[in-house]
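Chains E and U are the protein sequences, given in the same order.
Residues in the first sequence are numbered from 11 upward in steps of one, following my numbering.
Residues in the second sequence are numbered from 990 upward in steps of one, following my numbering.
Think of the hints as simulated: they come from the structure by calculation, not from any bench.
Glycine included, C-beta positions come from ideal geometry on N, C-alpha and C.
Misleading hints may appear alongside valid ones.
Label pairs and their in silico Cβ distance ranges [what the hints assert, rightly or not]:
| # | chain 1 | residue 1 | chain 2 | residue 2 | range |
| --- | --- | --- | --- | --- | --- |
| 1 | E | Trp-266 | U | Arg-1056 | 38 to 46 Å |
| 2 | E | Ala-134 | U | Arg-1056 | 45 to 53 Å |
| 3 | E | Asp-247 | U | Ala-1111 | 22 to 30 Å |
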Amino acid sequence: MTGMNAVEVHGLNKYFKAHHAVADVSFTVPAGGSLGIVGESGSGKTTIARMLIGLERPSSGTIAVMGRDRSRPARSGSERNARARELQIVFQDPYTSLDPSQSARAAVDEVLRHHGGLSSAERASRLDELVDQVGLTDRQAHARPRDLSGGQRQRVAIARALAARPKVLVLDEAVSALDVSIQAQILNLLADIRAETGLAYLLISHDLAVVRQLCDTVLVLRRGRVVEQGDCGHVLDDPQEEYTRALREAVPVPGWTVGA
Amino acid sequence: MSADAPAVPLLELTGLTVDFTTEDGVSRTLLDGVDLSLAPGEALGLVGESGSGKSMTVRAITRLLPRAATASGTIRFEGADVGAMDAGALRGYRDGGVGLVFQDPRAHINPTRKIGAFLTEALVRNRHLGKKEALARAEAVLAEVGIDDPARRLRQYPHEVSGGMLQRVMIASVLLAEPRLILADEPTTALDVTIQREVVGILDRLRRDRGMGMVFITHDLDLALAVCGRVAVMYAGRIVELRSAETLHERAAHPYTLGLLGSRPAIDERSERLSAILGRPVSAFEAGPGCAFAPRCSFATETCETTPPPLTEFDGGLVRCGRVEEIHAHRKSEEANA
């Protein structure tokens, strides 16, 4: 297993009729690595995430996660489960991805049951561990989504994703909708989880500062094409492409003045 | 401001409070005694998280509060009491005094009518312009907000243009009314960063050219600092710090402002750990009897929990913190030792 890439994508293309949404995109995420995919609306970043989790089928190209090809739909339930154990996703708005009638614990327990192999005692202890790992209190763990804040709901979504013990976590704008002070908590939590578990991250984001905080490497995407990719520090500090520079300069920072 | 600047502020809020009555008849405070003054032509930022009351402030200023909400305190626009305006005066105030730019332009534009009809409606109805003249004016303003081929845009429907373009159309519609004050509520939050830069650039240029005042509401402290001369940081329905944008990074003194500054990851370096603030932001009605920020504040004492601190002058700004001097001295000594 050593040296194996967690994610390998080669020559990925996606057409929606005549629209070339993803054009010849290739990247790798090493095991335990962290890649940020950055782009604005229409860049294709969400389409890439959807192909990774199997919601869209690539028009051409290959996707492999932990060495297992997932360019084509899974042909059996066990294949689908195996893929789910390798890669999980956390979306921007956990409110729409959590069942409103389920408590946080029940939502996480559902995943543990599905992936099986645990006795009820083992499940209970794994549940405690997950709830603790994402920093939810016992009371919050028994609450329904509507009684939780945005940050707490996102912690539930992360616990749910971790329950399957994946090797890769896709974070699709997972901190974008959070208040600034909560976003910082979740970014710290995600950094801790990666350090503890050696999980690989694939962060889809429009926010360069968030990518810098969480990722080792970055890929800049525009209109479906890769503009620039490489080490986060190199690309952001010394962008080689004009578009990357424009993105970088559009971020308000101390001393930034308006000017169109 | 020069010495002969007009003595009457463009906008003055005194003790502005908004209470909301829930369906069960429970009264909840959303905005708690906001004092603010804006000079003609000045840009002021209101920055805060969920529940801070920043959007409620704008709704109160325009008297567009939800039915179940009531405002107290006073709002003066060019000296006139907005709360006491009759229907006619209120219409004049909303049609020509203040202009509103919202986060989501698509929610505030009729999708079944062309952009030209949207832009000229008020000119024809309120200013009694002929249709041709109104269209010519709309075209000129579209050009002013940086829209290419404005004549063609006037014939398009809202769904035919991008979000960034539509936000410019909204700004153009506000400009056509020639307001003295623009209220911009998260006007660029839904836009891509490169488009955000263009749109705030346009807002800033037009505001300066036309000498309009602006209240700019955002969750993004650095954006507010770039666009505004002064910035008010709000928490739980109150202003907790107010200072010039130029000095805020250097002189921020309220623990919440400091926390916000530490929460944002930097673009030019990765920090070992973000100095996140514990807990979550609360609304005014959830706050305790003392300082609303005390439960999340690492400097809080028992006194903080029980005694509400006033907004007082400190280091060239206004700060609502009972321990501001001690905290400042403590931080300075830590900096000196570092």
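Each hint tested on the structure:
The given range of 38 to 46 Å is respected by E/Trp-266 and U/Arg-1056, whose C-beta atoms sit roughly 40 Å from each other. A beta carbon spacing of about 48 Å between E/Ala-134 and U/Arg-1056 agrees with the range 45 to 53 Å that was offered as a hint. At roughly 48 Å, the beta carbons of E/Asp-247 and U/Ala-1111 sit outside the given window of 22 to 30 Å.
Hint compliance for this structure: hint 3 is the single one not met.
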